[in-house]
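*Asks:* Each chain is listed here by its residues.
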Amino acid sequence: MADERESMSPTKIGLGVLWPTFWTGLPIKLAFAVLFLAMGLMHFEGRLGLAFLMLLASPVTVFALPIITMGLESHIGEGVGIALLFMIAIPIDVWAFGVVARTFFLEKFRKEPPDGLGMTLWWKSALVGAVFLPILWLIISTVTATAISMVHSLFEIELFKGIPVAERISIELAIWGSIASLVLILLLLIGISLVGRMIRSTAEAAQPASDNYQRLITRWDLMRVPSDQGLMLTALTGTGVVLSLLFWAALPVTTPHPHECCKKPEVKAQPPFKPLEALNKDEKMIAQLSAQVEALEQKKAEAEAEKDKGKGKAKAGKESAPPAPKKP
Amino acid sequence: MQPKLKSKVRCTDREIGEVTKVVVDPLSHEISHIVVSMNGSGERQVAMGHVQAVTDSVVELRTQSADILALPPFKRDDYVTTHEVEIAHLEEKLHVTPGEVLVPFPELEKNVKRRTFFMNFTHAIGFLIGLPIAFPILRYLMKPMYQPFDNGWLKIGNVGKIKQDDIGVQFKYKKKVKEAYMPESEIEKNVWILKATPAVLEKVYQGKDMEFRDAAGKPVWTNKKDIPYVAFSGKCPHLGCGYKWRQHKVLGQVFLCPCHLSIYDASGKVLDGPAPRPLDALPIKVSAAGEVEIIDMEFKAGTKSQIRII
Amino acid sequence: MEQPSIPSTQPTAIEKVIAFIDERVGLKQMQAKMLNEPVPGGSRWAYVFGSVLLFIFIMQALTGILLMFYYVPTADHAYASTQYIIHDVDYGWFLLSYHFWGSTAMVVCVFAHMSQVFLWGAYKSPREMIWLVGLALFGIVMGFGFTGYLLPWDQRAYWATTVGVEIMDKTPLLGDFMARFLKGGPTPGQMTLSRFFVIHVMILPAALMGLAGLHLFLFRAAGPAGPFRGTPEEIRAKTDYFFPRQIWKDIVGMAVVFASICALAFWEPVVLLEEATPDPGDYHPEPEWYFLFLFQLLRLKIFAGEFGQFLGAIALPGAFMALLAALPFIDRDPERNIFKRPIALIGWIVVMVSILLFTVSAIINREFLD
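So the sequence lines, in the order shown, correspond to chains A, B and C.
Quick note on the numbering used here: the first sequence kicks off at 751 and runs consecutively.
Quick note on the numbering used here: the second sequence kicks off at 273 and runs consecutively.
Quick note on the numbering used here: the third sequence kicks off at 1124 and runs consecutively.
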């Protein structure tokens, strides 16, 4: 057992701590992510997978992400919810690091975990991530772009021009995919090993743990049981209920992506009805119209009178009084 | 106490062997026999009646060893083990093994607080998975249950066809209905309209104009008590059947419902039968030319108070 | 003998009810036998996928039942009723999108579960039957995805199914019969919709529940395989019971999957295309994402022609499934450590990478279709 301890490679250490830490924090981060999505505080288009990975690995991405987004102009999504989510992730990650690192120290290093281990490991990993990940991002983007263009030009050669589309797509993908994947895996291993080195140096300063194997296992196992169960569980359930209520309030009742067939019509507010104004307007209109009718009737009477002058005075009496204009 | 396997068996004169098997009666669940090894000279099946006393390690018989030897040899083929037959609760009643077979708790499970914590934690998380979807599911299922009312006026005919006062005349009409995603369809409905004399009108309105309100309480229409035309919903307020205008041998001309024989007079008042309230009057408009319009409403059947449902 | 009146804690009402049932049914012992199963090497997150699959199935059944309150499986109303659910019923869009993404989650978890069992060598003796039942369950999950896809009756649904059933037609001897059986005729129509509906809603759920029960029973009879490495001392030190630790891990896994499906429902709610018509128009038929790799494979020239299509669509996948079924019987080596089984490890990587490669190729290929 002692040999295993001495010879544990930094990569193994890094992976052995980072992998559980990521997954330990994830359930809590996801609950908030779902709430923010329901509230419309964040939107992701094509890069959902990447966003998920960034969130999963938030101990190391929390500072790297803004650097990548702003420095390299590469967005994973929009909305204030993303920044909020990563800020909420900080205390979650500190706690997760604490639980996992203490387990690891006891079981694998056989050392007493020092106080504040979670906090220490968190800010150190965040720092490593902030420096390493943007570099990794740059390298991978460049390598992928180069590989893709290289492979495209490869297929311009006469020898390969005849290869049909489906085959060509798969061969191209296989070539640049493997190159990019290899570089990615290599860089990730380097990054993990850096974190592992950092953890190992923290462990070197720690006191050895004197218990036998079974007792060490029992220690880290019981570490997960809070001293005040009732309080922790009530707090957890209470928070969950509050988040659920927020979720119910925020959840859109009808689909945020309606189909052309069934878009809800824009409801225009009815203009306010002002009775006095309406009456005045109507009265004015009526007066206008009656005046018009009168004028027309007069014209008609004059026209008839003109016609009848020619037809003799006997008929003039009939046309004497034009009919009184009736109010409509 | 039940005889234990491997106990020594002693007759009045000497020890004859050990209990190798125990036979249980499948119906009474009681031990019926023990099988004794007879120290190698062939097992014998001994009825419990021969047993004098039983202790943890010895079974004492009240007979002589010769009598036991005289019993026929034990036939194993006539029996099966308790694992090969399903007899409910049998294992609980049998205590024939001396001692117990035990399995240790794994080290990690010895802490009771730990077990209860994870059990409660599991319940909490399970609850928190179900809770967010409970409300949306309820609203989802309730969507069509409370429909807003359609207060549109429908033309149903002309009062010209009413020839006499205080006589019920049926007006049939078609109503356009669009349900959810179904294409628009028409359903046939009917109302009974009366040209009422002042006496009957008084019985219908009882001195007050009839106000109709929508779900929010805003007034939709008021039937003035001096308009002589009254329209009754075609559905009987008892259980919703369609009723008729008929000549009754005692009560005269009445509205009569064939389903459960509710009888109403011309003003809709209940004369006989199980109807809980009078006929439901509907909003009615009659134009100068005699064109009748109503708002189609339906009310909950079987209740004393009038509760609008459509 | 005088009995001092000690105020003893009276059993609560619930405790009395439990005691009543326990007397008659042996509840406490049954519970103990179900829950107190020692997991050698301790509960593990890697083991959660089986329970998570059960959870996903229950959620699919629940959301599916809710959808059936409004969906009608007739060619004249299937599309309209689905659009009604999405646009008019309160939160209908969310429940439908949950059901849709839940099916994706199920396929992903099935792959994860099968991979975990394979890598841990938990298909080897004495667990051969669990593996075989598991393969049948895998087929049922794929069947669910295929039959459910048709139900909205939009262009995507109709044409993906048409192409899919045509592929099945290529099976020798039984192909034409099977295709006509599924279509309920020579071409897809109302009969197809009715058949796919009853298969999706009655036959497959019954089959899944029966086989899942068998799967669990066989698993219990064999016991958990446990980790593939570690000294006996290490394994014993970490051993705990199924309840509460593994159950707790299972439920956290379920919560993560539940949240992920909700997140996907928000990211891409279900949007239908136009209603299905016999003319595909500009639409390029495509199956669900988990069939895309097969779909792309069939575009390769080596699988052109009648024999080629048979080879690529039926023979190759069939042979692969047969290999998986035969696996516990050809791989007799009791070694379960994946790092000491190079063929298994390399084989798994090759299969996973190939599926990934052809799935992504199919997506890239969309650009080249016009």
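Calculated from the structure, these hints are not laboratory results.
Where hints are given, some of them may not hold.
Derived pair list, reagent style DMTMM-like, types lysine to aspartate or glutamate, alpha-carbon separation capped at 20 angstroms [unchecked claim]:
hint, chain 1, residue 1, chain 2, residue 2
1, B, K385, A, E922
2, A, K1013, C, E1429
3, A, K1013, B, D328
4, C, K1156, B, E364
5, B, K450, C, E1160
6, B, K382, A, E954
7, A, K1013, C, E1397
8, A, K858, C, D1199
9, B, K365, C, D1145
10, C, K1151, B, E363
11, A, K1013, C, E1356
12, B, K450, C, D1213
13, C, K1156, B, E451
14, B, K385, C, E1356
15, B, K382, C, E1397
16, C, K1156, B, E363
17, C, K1156, B, E358
18, A, K1013, C, E1160
19, A, K861, A, E954
20, B, K382, A, D978
21, A, K858, C, E1397
22, C, K1156, B, E372
23, C, K1372, B, E363
24, C, K1151, B, E372
25, C, K1151, B, E451
26, C, K1424, A, E954
27, C, K1156, B, D437
28, B, K382, C, D1211
29, A, K762, C, E1357
30, B, K450, C, E1357
31, B, K415, C, E1146
32, A, K861, C, E1160
33, C, K1424, A, E922
34, C, K1151, B, D349
35, B, K382, C, E1356
36, B, K415, C, D1211
37, B, K365, C, E1146
Cβ-to-Cβ under 7 angstroms is the rule here; a few derived chain B residues that face chain A [as the list claims (entries may be wrong)]:
hint, residue
38, R282
39, E381
40, L400
Where is the CB? At the ideal position from N, CA and C, for every residue including glycine.
*Asks:* Evaluate each hint against the coordinates.
*Replies:* Right, here's what the structure says about each hint:
no.: 1; hint: K385(B) x E922(A); verdict: violated (58 angstroms)
no.: 2; hint: K1013(A) x E1429(C); verdict: violated (46 angstroms)
no.: 3; hint: K1013(A) x D328(B); verdict: violated (85 angstroms)
no.: 4; hint: K1156(C) x E364(B); verdict: holds (15 angstroms)
no.: 5; hint: K450(B) x E1160(C); verdict: violated (58 angstroms)
no.: 6; hint: K382(B) x E954(A); verdict: violated (33 angstroms)
no.: 7; hint: K1013(A) x E1397(C); verdict: holds (14 angstroms)
no.: 8; hint: K858(A) x D1199(C); verdict: violated (65 angstroms)
no.: 9; hint: K365(B) x D1145(C); verdict: holds (15 angstroms)
no.: 10; hint: K1151(C) x E363(B); verdict: holds (15 angstroms)
no.: 11; hint: K1013(A) x E1356(C); verdict: violated (66 angstroms)
no.: 12; hint: K450(B) x D1213(C); verdict: holds (18 angstroms)
no.: 13; hint: K1156(C) x E451(B); verdict: violated (53 angstroms)
no.: 14; hint: K385(B) x E1356(C); verdict: violated (25 angstroms)
no.: 15; hint: K382(B) x E1397(C); verdict: violated (62 angstroms)
no.: 16; hint: K1156(C) x E363(B); verdict: holds (15 angstroms)
no.: 17; hint: K1156(C) x E358(B); verdict: holds (18 angstroms)
no.: 18; hint: K1013(A) x E1160(C); verdict: violated (55 angstroms)
no.: 19; hint: K861(A) x E954(A); verdict: holds (9 angstroms)
no.: 20; hint: K382(B) x D978(A); verdict: holds (19 angstroms)
no.: 21; hint: K858(A) x E1397(C); verdict: violated (59 angstroms)
no.: 22; hint: K1156(C) x E372(B); verdict: holds (17 angstroms)
no.: 23; hint: K1372(C) x E363(B); verdict: violated (35 angstroms)
no.: 24; hint: K1151(C) x E372(B); verdict: holds (19 angstroms)
no.: 25; hint: K1151(C) x E451(B); verdict: violated (52 angstroms)
no.: 26; hint: K1424(C) x E954(A); verdict: violated (60 angstroms)
no.: 27; hint: K1156(C) x D437(B); verdict: violated (83 angstroms)
no.: 28; hint: K382(B) x D1211(C); verdict: violated (55 angstroms)
no.: 29; hint: K762(A) x E1357(C); verdict: holds (19 angstroms)
no.: 30; hint: K450(B) x E1357(C); verdict: violated (70 angstroms)
no.: 31; hint: K415(B) x E1146(C); verdict: violated (46 angstroms)
no.: 32; hint: K861(A) x E1160(C); verdict: violated (32 angstroms)
no.: 33; hint: K1424(C) x E922(A); verdict: holds (16 angstroms)
no.: 34; hint: K1151(C) x D349(B); verdict: violated (35 angstroms)
no.: 35; hint: K382(B) x E1356(C); verdict: holds (18 angstroms)
no.: 36; hint: K415(B) x D1211(C); verdict: holds (9 angstroms)
no.: 37; hint: K365(B) x E1146(C); verdict: holds (13 angstroms)
no.: 38; hint: R282; verdict: violated (49 angstroms)
no.: 39; hint: E381; verdict: violated (10 angstroms)
no.: 40; hint: L400; verdict: holds (4 angstroms)
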